[in-house]
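There are 2 protein chains.
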Amino acid sequence: MKQYCKFESALDILIGKWKPVILLQLISNGTMRFSELLKAIPDINKRMLTQQLRELEYNDIVHREVYNQVPPKVEYSISEYGQGLSKVLQVMNDWGEEHIEHMESLYGPEEKSE
Amino acid sequence: MKQYCKFESALDILIGKWKPVILLQLISNGTMRFSELLKAIPDINKRMLTQQLRELEYNDIVHREVYNQVPPKVEYSISEYGQGLSKVLQVMNDWGEEHIEHMESLYGPEEKSE
DNA sequence: CAGCATCCAGACGGATACTG
DNA sequence: CAGTATCCGTCTGGATGCTG
Chain H
1 MKQYCKFESA
11 LDILIGKWKP
21 VILLQLISNG
31 TMRFSELLKA
41 IPDINKRMLT
51 QQLRELEYND
61 IVHREVYNQV
71 PPKVEYSISE
81 YGQGLSKVLQ
91 VMNDWGEEHI
101 EHMESLYGPE
111 EKSE
Chain F
1 MKQYCKFESA
11 LDILIGKWKP
21 VILLQLISNG
31 TMRFSELLKA
41 IPDINKRMLT
51 QQLRELEYND
61 IVHREVYNQV
71 PPKVEYSISE
81 YGQGLSKVLQ
91 VMNDWGEEHI
101 EHMESLYGPE
111 EKSE
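Each protein sequence line maps, in turn, to chains H and F.
Here full-length UniProt numbering is used: the first residue of the first sequence is 1, the next is one more, and so on.
Here full-length UniProt numbering is used: the first residue of the second sequence is 1, the next is one more, and so on.
Please keep in mind that the hints were generated in silico from the structure rather than gathered at the bench.
No experiment lies behind these values; they were computed from the predicted model shown.
Any given hint could turn out to be false.
Which copy is meant is left open, because identical chains are indistinguishable; a pair holds if it fits in one copy or across any two.
As the list claims (entries may be wrong) - Once the Cα atoms are required to be at most 30 Å apart in a straight line, the calculated DSSO-like pairs of lysine-lysine come out as: (1) Lys39 to Lys6; (2) Lys46 to Lys87; (3) Lys46 to Lys17; (4) Lys6 to Lys17; (5) Lys6 to Lys87; (6) Lys17 to Lys87.
Please put together the full structure from these sequences, using the hints given.
Below is the structure:
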């Protein structure tokens with residue numbers, strides 16, 4: 001009865017407006033500095049980036065490497081363990097793709113003004 | 001570059017505090033009436049249930065069968081199309097389970113007072 | 001019985017300024 | 001450079017009451 005309830009835990013990792021984008025960046029680019037992430041994700045700001053990064057870090061999805069030097073340098077990367085999330089993302093991505101098509105067949109193509 | 005972005009669409013379907021629980025109920029019990037869902041999910045209220053159900057319905061995940069009679073009767077079930085979500089849920093569930101263990105090995109067992 | 005309307009609280013996301 | 005602190009607006013979720 002409880003067998004499906006665990007998947008909420010997975011959900012917790014992914015929810016947060018920027019988690020997906022951050023993960024995407026780190027997956028495709030490997031190690032990235034704080035400022036690189038900031039540049040790569042135009043609409044995010046420092047507070048948000050820090051916050052989401054901290055949560056991902058707490059969950060051991062991303063690794064945070066601090067260089068004690070001036071100027072400061074901090075690098076982020078997907079942790080060994082975090083790699084396992086990729087396949088979950090892949091499944092969700094595949095389904096999401098199908099789903100978009102399905103929605104279009106129901107409601108017609110979205111006119112994304114944005 | 002955009003290949004992973006679609007999985008946000010999948011995320012959209014699942015986010016919403018009660019979507020997981022509702023899906024779980026409908027998956028395990030098949031067709032259910034509005035009031036049955038209400039009883040099965042103790043902490044939800046009518047407004048919430050209606051709202052989340054509507055979203056799932058819009059996305060063609062659940063099917064809504066209205067019987068025009070007095071007293072009213074409305075039955076909900078996972079749609080043909082919605083079945084496809086089960087495997088996604090399964091993957092997320094599996095990962096979520098691993099993840100819980102992983103977290104425990106890092107931070108020790110959670111003392112869920114709730 | 002099913003569900004909509006109203007009102008409300010708290011969480012989440014965002015802009016900006018300050019710090020080591 | 002890489003954050004933290006503060007403040008504020010929006011959005012989501014929740015309690016309650018009314019309706020067909």
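Are any of the numbered hints broken by this structure? If so, which, sorted upward? Structure breaks no hint.
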